[in-house]
Each structure stands twice: as C-alpha cells, then as structure tokens.
Amino acid sequence: MTVIETLRREWFSNVRGDLLSGLVVALALIPEAIAFSIIAGVDPKVGLYASFCIAVVIAFTGGRPGMISAATGAMALLMVTLVREHGLEYLLAASVLCGVLQIGAGYLRLGSLMRFVSRSVVTGFVNALAILIFMAQLPELTGVTWHVYAMTAAGLGIIYLFPLLPGVGKVIPSPLVCILLLTAVSIYLGLDIRTVSDMGELPDTLPVFLWPDVPLNLDTLMIILPYSVAMAVVGLLESMMTATIVDDLTDTSSDKNRECKGQGVANIASGLLGGMAGCAMIGQSVINVKSGGRTRLSCFVAGSVLLVLVVFASDWVGQIPMAALVAVMIMVSIGTFSWDSIRNLRHHPLSTNLVMLATVSVVVATHNLAYGVFVGVLLAAMFFANKIGHYLHIGSVLSADGEERRYEVVGQVFFSSADKFAAGFDFREALDRVVIDLSRAHFWDITAVGALDKVVIKFRREGTAVEVIGLNEASATIVDRFGVHDKPDAVDHIGGH
Amino acid sequence: MNEPQVLACIDGSASSEAVCDYAAWASLRLSAPLTLLHVLEPNVGASPADLSGSIGLGSREHLLSELAELDERRARLLREQGKLMLDAATARVRADGVAEPALRQRHGRLVDTLQELESDIRLLVVGRQGEAGGSAASQVGSQLESVIRTMHRPVLVSTGVFRSPQRVLVAFDNSPSVRKGLDLLLQSPLLAGLAMHLLMVGADTADAREALEFARLQLQQAGVTATAEIRAGAEVDSVLLACQREQAMDLIVMGAYGHSPIRRFLVGSTTTSMLRHAECPLLLLR
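Sequence order for the protein chains is G and U.
Mind the numbering: the first sequence is residues 1 to 497 in the working numbering, read in order.
Mind the numbering: the second sequence is residues 1 to 286 in the working numbering, read in order.
Rather than coming from a laboratory, the hints here were simulated on the basis of the structure.
Any given hint could be a false lead.
[Claimed, not checked] SDA-like mimics (lysine to any residue), calculated; alpha carbons at most 20 Å apart, straight line:
1) G:Lys170 <-> U:Leu70
2) G:Lys454 <-> G:Arg428
3) G:Lys170 <-> U:Glu66
4) G:Lys170 <-> U:Gly56
5) G:Lys170 <-> U:Ser59
6) G:Lys454 <-> G:Gly411
7) G:Lys454 <-> G:Gly470
8) G:Lys454 <-> G:Ala422
9) G:Lys170 <-> G:Leu180
10) U:Lys83 <-> U:Leu103
11) G:Lys420 <-> G:Ser396
12) G:Lys387 <-> G:His348
13) G:Lys420 <-> G:Arg405
14) U:Lys180 <-> U:Arg216
15) U:Lys180 <-> U:Gln220
16) G:Lys170 <-> U:Gly58
17) G:Lys170 <-> U:Leu51
18) G:Lys420 <-> G:Tyr391
19) G:Lys170 <-> U:Gln220
20) G:Lys387 <-> G:Glu404
21) G:Lys420 <-> G:Tyr371
22) G:Lys387 <-> G:Asp445
23) G:Lys458 <-> G:Asp426
24) G:Lys170 <-> G:Met135
25) G:Lys170 <-> U:His62
26) G:Lys170 <-> U:Leu103
27) G:Lys170 <-> U:Leu57
28) G:Lys420 <-> G:Val456
29) G:Lys454 <-> G:Ser439
30) G:Lys454 <-> G:Phe425
[Said to hold, decoys possible] Short derived list, chain U residues pointing at chain G, Cβ under 10 Å:
31) Gly53
32) Ile55
33) Leu67
34) Asp71
35) Leu77
36) Gln81
37) Gln105
38) Arg109
39) Gln143
40) Glu145
Just so you know, even glycine gets a beta-carbon here, dropped at the ideal spot from N, CA and C.
Chain G on its own, in the form it takes in the complex (with noise of 0.2 Å):
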C-alpha cells in the first residue's frame, strides 16, 4: 500500500461529506465541551481547549477515521474531586500521565482486551454514562426561576422538531437553531438566567504550550497516578467501545492497538495546551457518521471550526444560557442511552440482564465507569464459567459379575464444575475395582486434577482398585500452550461430548 494512496483514502476519500459533518459535529461539541468542563469543576477554556486539541491530534494518530474524540463526560466524572482538592495544575499534569499509561497500553497491545468486555457490559457503560451525563445537568435545574424550565423545555422541543421540518430540518443542525434562538430570547428579553460567562473564563486566545506547574516530585505522582491511571483505562475502553460502534455503522475495521496509542498522545497534548484528558465520544461518533462523515477529516475539522468559532465569537458564546446548554445535554444523554436494552431485558437471559444492571448500578452509586466495567466482567465471567461447568456428565455401568464398575466422564471438568465431578461417583457401593474413562472429558486446570486424586483417594479407602484412562487426552488441555490446539482437529477434539 502505497502513503499516498492511504492518505488519500483516510482523509480525502469523502471530502464534501466530512466537511458538513466536521461542521456539524463542531457545532455540537461546542456546549458539550462547556457542559463537562463545568462537570470537571474547571473553567469552560479547558474543556474547549482540550476538544480542539484532541481532535486535531486524533485526526492523525487515531486508529479509526470517522470517530470523534474530545473532552468527555466519562473523563470529567474522574476528575472531579482531583480538580477539587488540588487545582487545574494537577489535573493537567494527570492528562500528560494519562496519555503516557495509555501510550504504553497501545504497545503492549491492551486494546485486545476488549474481548473480555461482553456486550451487555458495553451496554450497561452506555446506559450508565447516560445517566450520569443527565444527573450533571440537575444542578442546573435546581432552585432556579420558571425561565429555565420554560427554556429548557422549549430547547428540547426544537431540538426533536426542528429536524421534522421540509427542507431546512436535515440542512441546519437543530441543537444549533436551539442554541441561536434560546441565546437570542434570552439576550432580547434581558433574562436574569445563568449564562456560559457565569461559569467561568472562556478561550480568547489561541492555546499555548505550558508545562503543568507542579513540583516534579514523587507526592505529585502519588496524587495524580490513581486518577490517571482510571482515566486512562475509562479513556480506552470508551474509545474502544466507540471504535466497534463506528466500524459496525460503517462497516470497516479499525486499528485498536495504535487507536490506543493515539488517545495517549492526543491526552498528552492536550494536557500540556492547558486542556483536560479526553477519549472518543459516542454520541458525537454517531453524529459524525449520521451527517456523512466516514475519514480522519471529518474529526480534523470538527476540531479545528471549533476552535475558530469559539475564540472569535467568545463574548456571543458568553451569552448562551445554560438552559440551552442543559436541553443539549439532555438530547446527548437520551441519544447515548441504549433504550433497546429496556425493552430487551424480558427476552435476554438473567445472567446477561444482572451483568448489565450490575455495571450501571456501579457506576451510578461510584460515578466511576471503571469500577462499573470491572464488576460487568467479573460476573460475567463468574456467570460464563457457571454455564460451562453444566457441560459436564457422568454415567456409569456396572460389569456383568457386579464386582466392576465402569465410570464414564463426559464434559469440562474445571474450577466451577469439580464438586459436580467428585459428587458423581457413588463410593458407598462396594465393589472389587472402579474403571474412571476420562477419554471424553477436559481437565482445564489444577482444580480439576485435585478433584480427580480426591476421587482415586477415596475408593482406595474403601478397599476398591482404580483404573483411570485417558488421562492423558483429558489432562492435554492444562499443559497446553495454545500452539497445540491450534489444528483444524483440535475443535472436534474439545467438543467430547
């Protein structure tokens, strides 16, 4: 494959279409950056530098052209009590770490990881960052006059009607014709509403390089290593989670492992351009890709318009009311949600529906994604291994003179399944010797070997000769290496039963 022929397929390949959804998508990070910057705790500047920065980075190092990844609610949840404790300057020094650990991540090839991660934990992140995204909006509507629920109202309902419109609805991006005319009414009526201004400084200039201004120490290590370290772990699976979204949309494939590496260096930036961390957003992922975007240019765009408008049109962007903000949010929020899963969890198995509820329950108690995908795949691993452990049977048959007993073992015998495999022989019945054939069974690890010497032990007890075959075909699967099962036979050799 020749550099020019790649370059022109994963930027120019589609340049009319990813220059309207770079548009688009500009134009609706714009209040998302602003809305997690002021869930981090931090000036709205940060969150917008750092969306710049990240798309603009990511357009290059990426691993999927045609995701969007900027500042997130994921990351700014993370931050919270860092900001809150010990400032902005930690916060940015926790992004540079950050991309670091994520750097590394890509080299050791984490990204393939992700296959551990099963698909009701996949949901059960999404619904769970819904619900966050949607909680951080409720301060806004606490305690405040009538004008803002009639404002927020009124800007959920363009955003969901506008489209519905002959002709313009699919031209003009509703959350922006919110924006426009909430801002408009707002400024025109002379409201007495919170407004973008109220919640801190916005950009003015463009970003400058600044090295994080903290002592180079092993305290500040200490401080900002564990935030890092969940960022950079919620950053990855987010963005990898994002990264099947769009190859499934569009029916590609993508590069997780240097995907991974450029979330890290486009953390890394943005952290040493005075932004916050950042991942790939779902929402805007599929935005970009409903609006026609399909290359790295449509991402380069996006960043780059957004930088534009916000630090020429900062005193305008000042006046939006957050109550047009929150009714965009809010849209965010319900487009993240994964409302099929409501309606699946009557056919989709118990196991599968705990998993999910499990890592949304998590979350929401934690405000940490990463604590809720740990626990998903924990009991979907314990639930996995549960199910296997029943692929296992036990007949037997006694020899015609009634001295000889022929055990025959079919199945996995493992961790879960050894007390199933020792409960199956009957050592109450007196007998001169016990036949065990393992010829069909699969010892998978030491549990299972355990299990087995407790058996022999036991009729030798009882003054009963064991014979045990096939033992070795049984006992392969604990040595292996892999390499060994890698023959075409090796599947029909597993399926023993």
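On the provided structure of chain G, position chain U as indicated by the hints.
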C-alpha cells in the same frame, strides 16, 4: 487455486473486452488457467447525509439498520451487474479459445483483493481505464498505479482493441530489475517466437553498448530474433513512444516504478507517463 493463474480484472468499463482478449491470448500462450475477477468495491460515504445533528431514542440502532439496508440494496445490484459482466466476459474468452475460464467475484477494494490473491497470480491483466473513467482515450484508471505498485507479479495493461502481438519493444536500462525480467521472459512461453527490439535510452557509451549486446545475444541464443539500439534522449518515455510508433510495435515490455513515490511526486514517473500515452499494451515487470 494452486496452479498460478492468468488473472483478468473485469469491470464495466469499455476496456473490459480488450482485457478479455489479451487475457485469453496470454492464457493460451502460457497454457495457464484463466480466471476472470470482478471486484465489488465498498461504498465510501455516498449515503445521503442527515445534518440535523440530533440524536434521539435508539439513534444508533436506527442508523445501523438504515446504513445496512442501503449497502445491502447497492451490493445486490452491483453483484447482479457483476454477474452479467462476468457472463459477457466468459462468452468473449470462450470465443477466443479458452475453454474453461474460472469466475470469481469478491468484495473489497481492488488493491486489497489483488494482494490477497497475489500468490495465485502468474500474470495480471488489467485495462488502462477504470469504470469511473470518462471517454478521454488517454485517461488512466484511478487505481491502476496503486495496483501496479502493490503487485509483485507481471502486469499486462491493455489499451484500445486487441491486436495479437507480433513485434515487441523492450525498454532496456541495464537495471537489475529489467535484467531479471529478461531472464524471466526467456523462460516463459508468453513472448516466445515474437520479434523483439531492445531499446536503450541514454548516452551511447561502451558500457551501455556492451550490456545491450549481451542482452541481445542472450535473446538470440534463446531463439528469438532480436535487434538492439541505443537512442539518445532526455525523456525516456517520449523516445520509447516514438520508437514504438515508427516500427509499429504492438507490445512494450518495461520495468515499472523503479523509483520511490517521493521522486515520482517531484519529477514524475516514466511508468505513469507511459501508461498515459502508450498506444499499445504494456507488459510491466516488477
């Protein structure tokens, strides 16, 4: 697919008929099986864009099914069209004397598909112009260059209508790749018995003369009537084309893309220029 094939790339363009003819010719001469390939290229972002920028209940699921449906309809249609093209191509190569051409239809980008199939390819036959190309005779297909650059097999680029090659012009530059290519040609029945003319473009030095004469003798020993010539000229491509025109050659053999893409970007490539202007098919040796 173990025996190396003559692979002909068929699309809906005007050049497909000539591609069939040249592929049939090569297949018969090489007594290698012929495969006709039609590649269904994926759609890049041609779906109607919805710029409303809002996402509502189940947007993701809806978008997925919407995009899948669009792709499905398009793919069905393309596959049907492809089948028709392949049928027409089969009829054509049967008429040319190839009894049993194999047919293949694959999804993916042309370059990637050819790369996957490369180990089975003995000779690749492509048309100069792709499906998307207009009617301008000298236009070169948008994917041709990357196909030639990625392949490590000889590529026969067809132009115009089929004319059974009789006189062959060999662009000789004494580079290792061309010398290796000549060895390959001598062992292959593809051009056996055809008259060959070795042309070297550049200064008439003793070294050049010696190398050229050596190559000519090699051909002669293999039983080929070969002539040789050195012509001065700064632009290799125009000298080659002039010679082809003067002596009514009907096939040009040359090495392809000896230089890096960067040099190509700066000073242009002889191969690209030849692809654009040649009036007869080119056999490009990699």
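Right, here's what the structure says about each hint:
no., hint, verdict
1, G:Lys170 <-> U:Leu70, "holds, 18 Å"
2, G:Lys454 <-> G:Arg428, "holds, 15 Å"
3, G:Lys170 <-> U:Glu66, "holds, 16 Å"
4, G:Lys170 <-> U:Gly56, "holds, 14 Å"
5, G:Lys170 <-> U:Ser59, "holds, 15 Å"
6, G:Lys454 <-> G:Gly411, "holds, 19 Å"
7, G:Lys454 <-> G:Gly470, "holds, 18 Å"
8, G:Lys454 <-> G:Ala422, "holds, 8 Å"
9, G:Lys170 <-> G:Leu180, "holds, 17 Å"
10, U:Lys83 <-> U:Leu103, "holds, 9 Å"
11, G:Lys420 <-> G:Ser396, "holds, 15 Å"
12, G:Lys387 <-> G:His348, "holds, 15 Å"
13, G:Lys420 <-> G:Arg405, "holds, 19 Å"
14, U:Lys180 <-> U:Arg216, "holds, 14 Å"
15, U:Lys180 <-> U:Gln220, "holds, 17 Å"
16, G:Lys170 <-> U:Gly58, "holds, 18 Å"
17, G:Lys170 <-> U:Leu51, "holds, 5 Å"
18, G:Lys420 <-> G:Tyr391, "holds, 10 Å"
19, G:Lys170 <-> U:Gln220, "violated, 72 Å"
20, G:Lys387 <-> G:Glu404, "violated, 33 Å"
21, G:Lys420 <-> G:Tyr371, "violated, 32 Å"
22, G:Lys387 <-> G:Asp445, "holds, 17 Å"
23, G:Lys458 <-> G:Asp426, "holds, 10 Å"
24, G:Lys170 <-> G:Met135, "violated, 30 Å"
25, G:Lys170 <-> U:His62, "holds, 16 Å"
26, G:Lys170 <-> U:Leu103, "violated, 44 Å"
27, G:Lys170 <-> U:Leu57, "holds, 17 Å"
28, G:Lys420 <-> G:Val456, "holds, 15 Å"
29, G:Lys454 <-> G:Ser439, "holds, 19 Å"
30, G:Lys454 <-> G:Phe425, "holds, 11 Å"
31, Gly53, "holds, 3 Å"
32, Ile55, "holds, 3 Å"
33, Leu67, "holds, 6 Å"
34, Asp71, "holds, 6 Å"
35, Leu77, "violated, 16 Å"
36, Gln81, "violated, 20 Å"
37, Gln105, "violated, 18 Å"
38, Arg109, "holds, 8 Å"
39, Gln143, "holds, 9 Å"
40, Glu145, "holds, 8 Å"
Violated hints, in rising order: 19, 20, 21, 24, 26, 35, 36, 37; the structure is consistent with all others.
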